Amino acid sequence: ETGVTQTPRHLVMGMTNKKSLKCEQHLGHNAMYWYKQSAKKPLELMFVYNFKEQTENNSVPSRFSPECPNSSHLFLHLHTLQPEDSALYLCASSYGTDTQYFGPGTRLTVL
Amino acid sequence: DAKTTQPPSMDCAEGRAANLPCNHSTISGNEYVYWYRQIHSQGPQYIIHGLKNNETNEMASLIITEDRKSSTLILPHATLRDTAVYYCIVRVAHDYKLSFGAGTTVTVRA
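One line per chain: the protein sequences are A and B, in this order.
Under the numbering used here, the first residue of the first sequence carries the number 35, and numbering increases by one thereafter.
Under the numbering used here, the first residue of the second sequence carries the number 9, and numbering increases by one thereafter.
It should be emphasised that the hints constitute simulated quantities derived from the structure, not laboratory data.
Please note: incorrect hints may appear among the correct ones.
To be verified - Listed next, the in silico DSS-like pairs over lysine-lysine satisfying Cα-Cα at most 25 Å (straight line): (1) Lys75(A) / Lys11(B); (2) Lys56(A) / Lys75(A); (3) Lys86(A) / Lys53(A); (4) Lys74(A) / Lys11(B); (5) Lys86(A) / Lys105(B); (6) Lys70(A) / Lys11(B); (7) Lys56(A) / Lys70(A); (8) Lys11(B) / Lys105(B); (9) Lys105(B) / Lys56(A); (10) Lys86(A) / Lys56(A); (11) Lys105(B) / Lys70(A); (12) Lys75(A) / Lys105(B); (13) Lys70(A) / Lys52(A); (14) Lys11(B) / Lys77(B); (15) Lys105(B) / Lys74(A); (16) Lys105(B) / Lys60(B); (17) Lys53(A) / Lys70(A).
Since this is a predicted model, take the numbers as computed values, not measurements.
Isolated chain A, as found in the complex (with noise of 0.2 Å):
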């Protein structure tokens, strides 16, 4: 365990749907994270919080959609996914720039 929680941790979807991904983290971080690991590839950093402030958005399409309430809390909004967007969405969080602690993963699939 991590202080890093994340549900569902398995999530089955059609491209149609709307569905949210949560992250929660109890380590007293400020800054938090979403990866997406597609199959074979390495991890790619989608956003970055810090103090409920997006810092880093690379690039991701608007189907993708993250919401930070708190420094607790992370979500990340889903609609009109594609089956490409099926992955191991991963969510971490850090003390400032400090070491960064990860969650176990929402294994989601697009159908």
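Model the placement of chain B on the given structure of chain A, informed by the hints.
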């Protein structure tokens, strides 16, 4: 960020030390060396990091060469549960970005 080069895979025997090499010949003075590992389909797990001195914690030791162009992660007594992909990452100080490469797939054999 400086790029890193790691062997794609390596095997090691259970109970023996596992020495994982990483080259980072273009590393800058303000860049740290981080190691993470990822057990199949789980989130990456932080192992250790260092700037220029050797570091040791309960999981592993990190040996950084004097010129900082390469490093070695040492798992002192490998177990089957250490089978994972190990990532060596060079990261700029005070930067949020953590760039993962392909890593080294380490298989510990009984």
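Out of the numbered hints, which ones does the structure contradict?
Failing hints: none at all.
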